[in-house]
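Protein chains in written order, with my numbering: chain A, 1 to 346; chain B, 1 to 281.
Among the hints, a few may not be true.
Claimed, not checked - With a straight-line cut-off of 25 Å between C-alpha atoms, the simulated SDA-like cross-links for lysine to any residue are:
id	chain 1	residue 1	chain 2	residue 2
1	A	K320	B	P29
2	A	K320	B	V230
3	A	K124	A	V91
4	A	K320	B	F271
5	A	K124	B	V230
6	A	K124	B	S36
7	A	K124	B	R231
What the hints assert, rightly or not - Chain A side only, calculated, beta carbon under 7 Å to chain B, not exhaustive:
id	residue
8	A157
9	W160
10	G161
11	L325
What the hints assert, rightly or not - For the chain A half of the interface with chain B, some residues (derived, Cβ under 10 Å), not all of them:
id	residue
12	P43
13	L147
14	A158
15	P159
16	E176
17	C177
18	A179
19	P324
20	A326
21	T327
If you're looking for bench data, these hints aren't it; they were derived computationally from the structure.
C-beta atoms are modelled at their ideal positions from N, C-alpha and C, and glycine is treated no differently.
Below are the chains, spelled out letter by letter.
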Amino acid sequence: MVGSHYLSAVMTPSEFRRISALILALSGLSGCQRYWLCDEQGPERTSQLPDRLSDTGLYLDLASDRMAPDVAAYRPQFALWSDGADKRRWVSLPAESVIDTSDMDNWRFPQGSKFWKEFSVAGKRVETRLLYKSGPTDDDWVALSYLWNDEQDEATAAPWGVVDARGDHDVPAAGECMACHGGRRGRVLGFSAIQLAETRAPAGGGETPVALDLQALIDRQQLSAPPSERLQVPGNSVERAALGYLHANCSHCHNQARPASGGARCFDPRKDFDFTLSANALDSPQSTPVYRTAMGSAFEPGNPDGSKAIELVSGRGLFKQMPPLATEHVDTEAVANLRAWVAGLR
Amino acid sequence: MTGDLQSLPSSADAVIVAERAHLAVASAPFDVRTLSEAKGQALSFVTDAWYELQRETWLGLRLPLVAASVRQPAGSYLDETAWGNPELRLARRFSLNRRSETALELTLGGGVGIPLAEHDRSLMPNRALAIANAGEGFAEPELFTPGALPLTPFVRLDYTSRGFRALTLLKLPALFRVSDADLPAIQSEPHAFALSSVLALEAGYNFTRRLGLALAAQLAVEVLPPSDHVRSVPAWQLMLRGSPYFELGERITVLIDVQAPVGGALGGTTFAVGSRAALQF
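The shape of chain B in the complex, shown without the other chains (with noise of 0.2 Å):
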């Protein structure tokens, strides 16, 4: 395995808990018109652990934390630390087809989420997730989005040979609106429903029995934005990442994340260092 978020374990095992911390530097738009950007530094954990129910059934939970120094308009920096919103998900994993060193396998899955992400009429919470949500590439704003409720359909398909890993991630996150997320109305106009699609291709190789790097781009599209843009922002952003890893023993994987987005509206102004780290037993 990759140690990739969404994967679960080919081994026999039955529980995998894998931890990311990300430190991203961002400049994000943010859409309330007198706070037209939310930027600062953010520390993202997610914790995600899957257990697998009965056969290649497997549930899941994403819990996100995010510690930031938001950037105040004036240039000073406040210190803000706001939880996401937890994820509950459930998986059903097939084998396409399995050889002894070949396997492709697919993975049908959803999410949903408990609109616990805070947020707070100093629009700090806000702001801070809104800076984790950009050091992602916009890529999961089912647990950075305060005040929705997150449905998140995913598919998955995962080919490894002897070395070689690749997988293919396509999600969904569909946000319902549950609150005003103490956005203030004159200044903001969300939406009772949004809509983006995230698409991931990432592809591993071991150079070595315990080092490899892995190598993936992300594209993440904004069908329907949580609330209306401030400032004119690309629908779209791309986003690469290159992972070197190691295996430790046959139930960790590290991998040391460098990641940036192309274009959009993040290019040039955010990028995010970290780890990602899996154990599986």
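Pulled out of the complex, with its shape left as it was, chain A reads as follows (with noise of 0.2 Å):
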């Protein structure tokens, strides 16, 4: 650490930090231009967390994969896309918490909420992701990562992140979380009225039996406000599976209901687009954000090759991917149902 007092007897961290971001800015070249930089979240938020997994409260015994009793398993009806890992997810609520559901597309969790996120590729567990709300307000949660041993009987903190942890998977720094989490209010993404309203069976079996879906929360009583009616995503299959894709994979940092303060963010999405299911909007596909927001822009009714969504969705690489984060492969499965929507569009 003997640069960091070489550098404040010169200036600031963070009058550097301002000056070469500008700089950077200006050769086009930083990623602040784009759409995808985040600030670090400090090692005085990350010292919250344990740095071994098994001391995070999921499980009661990791050796036989017991989770704890105050853990219940959920999972998504619609998935965010990572590079075809198989994933096991897990929420802990403090007992006797409420969810505030005030607002059906932004739930408020209470303070000791815990999430995690398990990816495993090829068999093998790769990462265990943990989401941790410290203190009342949506700026106070924690994310960190934990990269497992090669035994598979233990997983450490990963603060920074991992370039290629078996094979190409790669395990995000904890300062990257919030550049998805921290474009909805509730920062939790994937456990919300709408992606918890149906649980399908996972197509290859095998995973965790669901315990925890929208009728098993609203029978426990942890909604604020339950949803008056039954939250059905509208149209065909085709349809569902086109809208559902871009609520999972991009409406997170693509929808207007973003946090008014950028918090761990500042890059900057176009907004004009909507790519969120909302449980208010949900009488036909016409009348969710999608086809209000992003037919004639991001979408050519009718006519796939000249989408622009779609030509991101379909590539890899720099400045030509979306989502532009956590993904080095293209959803094959997903593009073809979103170039049949698009042709299908009138």
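Given two chains presented individually in distinct reference frames, assemble the corresponding complex, making use of the accompanying hints.
This is the structure:
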């Protein structure tokens, strides 16, 4: 840390960061000019989380893969594409706590809530990500990934991320988590009214049985304002899959209800598109934000080849891929469905 | 002069100040198992000053500063600034053959670096410096390696004849480890001593009185790496550079650099553009 003292003798680190960011922005090559730059989550925040996954409260017995009694598995009906990695998800909510669902599209979780997501590649666990709400406000979420060891008997904190863990799976740095999660007021993605409204059996089987869905939360009286009617994504199967893909993979950035303050982010995605599935706009496909905001711009009805959004989700590489983070392989199944959906639009 | 930062003024001027600003886009090997590459863009500034202590004996100082946008594992970018190692240099020039329009000069010198290059547990400054070093084709480890005290002897041969100039530079940066540079113990294996050799050839020709073009080739060979490599990395790195230049009056030379590593660990993934400006007075 010699250099930090050395630097501060000339000017403050924040002054230096601002100057260098300006220079890089002027050069046109800084991420800050694009949409995926995010600030670091400092060690003072990650230090709130244990160094070992086994100490986070997820497991009753890690060796036998038995979860703690207050931990419940869940599965969103539309999953984020993670280059084909298998995923398991769990949540732990404080006892007797209630989720603030006054905004059905942006649930606010009680202090002490924990969410885990485990990633496996070729049958081996690679990482488990943890989101922990350490305080009462939306900015109090702390995120950290844990890298599994070769023996698969423990995972340890990887605050700076890992490049090419088990093949080409990249573990995000802690500072990167809010690049996506910071785009929604509640910070949690995949655990929402729409995502939990329907739970489908996993295509390949083998995943942990789902213990928690929307109805279970209603039954347990854990929602401050339960939905008054059944939430069903409109349209035929192609339309539902397309809208679901956009909701799960794009809407955390491209939405019009982003937090007022960027928090731990500074990128500025297109806000004129809104790829959200909103609980209040499910009457028909045409009533969804996607149809209202992205037709004629991101999507050209009847013309998949002329649709910019399809070009981007079909590509990989700097400046030519969507989503821009955490994926190096195209979700060919989703692209095929999006193309079929756009081709059928009039 | 071609404005190369190693050069000394050929006139009787007693001071030369040069500034190099290179913007590199690089994907460099990084010797930490969990972060095996340093990828991003780096704008490196190297201020280079020489002062003539006595006739043909020069004292120099180099000061490197890097502003980088470093790619994180999942693909986001973070900005980072980092100082490299300042370097004090001493050089002695010998005139081997000087006639009215041609000259052949030999310069012997050496530099000692002050191990102040920034590093941090996040490895952000370490990676920023690695990107800058890659942008220079691994030719300046003495400036961009944190946690090491560099000693860099060099020898340089200059030939000038009317509008033609050529130089050959050989330097041997030796790095003595003085700290772990925040490299995580179980993820990296830094060495107590590292050595590389850099051979650079540059030739320039003035097409007009003020305008010219310099072409350079540079070969960096890693004899002993600063750390065990995590990935298989060739020991050599070739880099080519083209530099149109123009002279403003008798005292200022400005070069526009376009350079790209060829082969080695960086070929095809790294390039840099920028400028060098030298003022002598």
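Right, here's what the structure says about each hint:
A hinted pair counts as satisfied when its Cα atoms are at most 25 Å apart, and A:K320 with B:P29 qualifies at roughly 24 Å. Among the hinted pairs, A:K320 with B:V230 is inconsistent with the structure: their alpha-carbon atoms are about 29 Å apart, more than 25 Å. Our distance criterion of 25 Å between C-alpha atoms is met by A:K124 and A:V91, whose separation comes to about 22 Å. For a cut-off of 25 Å, the pair hint linking A:K320 to B:F271 stands: about 20 Å separates their Cα positions.
Taking the CA atoms of A:K124 and B:V230, the gap is about 22 Å. The hint holds against a cut of 25 Å. Among the hinted pairs, A:K124 with B:S36 is consistent with the structure: their alpha-carbon atoms are about 21 Å apart, no more than 25 Å. A hinted pair counts as satisfied when its Cα atoms are at most 25 Å apart, and A:K124 with B:R231 qualifies at roughly 23 Å. Checking A:A157 against chain B: minimum C-beta separation of about 11 Å lies over 7 Å; hint violated.
With a least beta-carbon distance of about 6 Å to chain B, the hint placing A:W160 at the interface is held under the 7 Å criterion. With a cut of 7 Å, the hint placing A:G161 at the interface with chain B holds, because the nearest CB-to-CB distance is about 3 Å. Checking A:L325 against chain B: minimum C-beta separation of about 4 Å stays under 7 Å; hint holds. Taking 10 Å as the C-beta cut-off, the interface hint given for A:P43 holds, the closest approach to chain B being about 7 Å.
Given hint, A:L147 at the interface with chain B, holds; its Cβ is 7 Å from that chain's nearest Cβ, closer than 10 Å. A cut of 10 Å between beta carbons decides the hint on A:A158: the least distance to chain B is about 7 Å, and the hint holds. Satisfaction of the interface hint for A:P159 is found here, the shortest Cβ-Cβ separation to chain B being roughly 8 Å, below the 10 Å cut-off. A cut of 10 Å between beta carbons decides the hint on A:E176: the least distance to chain B is about 5 Å, and the hint holds.
Using the Cβ-Cβ criterion of 10 Å, the hint placing A:C177 at the interface with chain B is satisfied: the shortest such distance is roughly 9 Å. Given hint, A:A179 at the interface with chain B, holds; its Cβ is 5 Å from that chain's nearest Cβ, closer than 10 Å. Annotation: A:P324 was flagged as interfacial toward chain B, and the flag holds, the nearest CB pair being 6 Å apart, inside 10 Å. A distance limit of 10 Å between C-beta atoms decides the matter here; for A:A326 the minimum to chain B is near 4 Å, and the interface restraint holds.
Interface restraint check for A:T327: the shortest CB-CB distance to chain B comes to about 8 Å, inside 10 Å, so the restraint holds.
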